[in-house]
Structures are given as C-alpha cells and as structure tokens.
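*Asks:* Sequence:
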Amino acid sequence: EAAAAGDLLAIEAFDRTGTILGQAMADLAAAFNPEAFIIAGGLAKAGNMLYEPARKALQENLLSNIQNDVQVLPSSLEENDMALLGASALVWKHQSLNLDELPDRSVKASIMEPVTEGETVITREISSSSSSHSSSAEIAFSQNQILP
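Counting from 1 along the sequence shown, just add 399 to a position and that's the residue number in this note's numbering.
Derived DEER-like restraints, expressed as beta-carbon distance ranges:
| hint | residue 1 | residue 2 | range |
| --- | --- | --- | --- |
| 1 | Ala403 | Met481 | 21 to 27 Å |
| 2 | Leu484 | Ala423 | 19 to 25 Å |
| 3 | Ala404 | Leu489 | 36 to 42 Å |
Simulated crosslink set (EDC-like; lysine to aspartate or glutamate; CA at most 16 Å straight-line):
| hint | residue 1 | residue 2 |
| --- | --- | --- |
| 4 | Lys455 | Asp468 |
| 5 | Lys455 | Asp414 |
| 6 | Lys455 | Asp426 |
| 7 | Lys444 | Glu478 |
| 8 | Lys444 | Asp414 |
| 9 | Lys444 | Glu400 |
| 10 | Lys455 | Glu411 |
Read the hints as simulated data drawn from the structure, not as lab findings. Note that CB positions come from ideal geometry on N, CA and C, so glycine has one too.
Build out the structure end to end from the sequences listed, making use of the hints.
*Replies:* Have a look at this one:
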C-alpha cells in the first residue's frame, strides 16, 4: 500500500527485492531451463512493482542462449487454493509412499576375472542400498595371491 501511495522507501524495497529475486531466478534458469517462473502468495500481490525489477534482473543475468525465453508470471491460483493443493499433495504423498512397506533395494555383486596360478586376483565387491531418504554405494577391493 505504501509503495502504491508513492512512498520512496517502500518503492525501493520492492525494487531491491525484485532485483534479488530476478538474480536468483537467473541462477535457477541456468540449472533447470524452465519456461517460466510462477510467482504466488504474498509476493504476487505486489504486481508490477515486484515483477518489473525481477524481469529486468532475470534478463540481465540469464545466459545468452536462454535470454528472453524465460517468463515471470503471476499464479492464477488464489492463496486458499494453494494451501489446499499443498495439503492434498502431502496427503497423496503419504498415502502413495507408505514408508513402512518399502521394499529392500539393497544390491551386492562381485566381479571376478579368471586367473591362472601365480597371478594376483583383484576382486571388486559393489554394495548398493537405497531407502526413501538416501542412497549409497560402496566399492571394496581385495587382493589375493593365487598359489600353485
């Protein structure tokens, strides 16, 4: 309201916030190459006071091969709709990912190559495990001398 009424400090706050937002969106665009950034919630209410500096900073900081390809748009959802969608997404995720019934995804494999007497055998054992929270892999090497 203050910025809309012409308060210079409020206008500067929106300008700086939009600039920082645009710079951050440029970083994300470099990594993910989105078609658009959708602004929602309280930020969306600021309208062009926020969108214009964000768009300007986005274009100034985008890689040249994607300049003018990324848009900044307001969400068409109302705040109450977003809250309901978020809550329903959490329920769906909880129901579809019953964490108590996840299968064991551990894998173990050994790789051995044929050898003759007197050669050294290097065995690689690969262990991999995955859970709903993390994945890991380990490779262990062991060396054995084949005796006659």
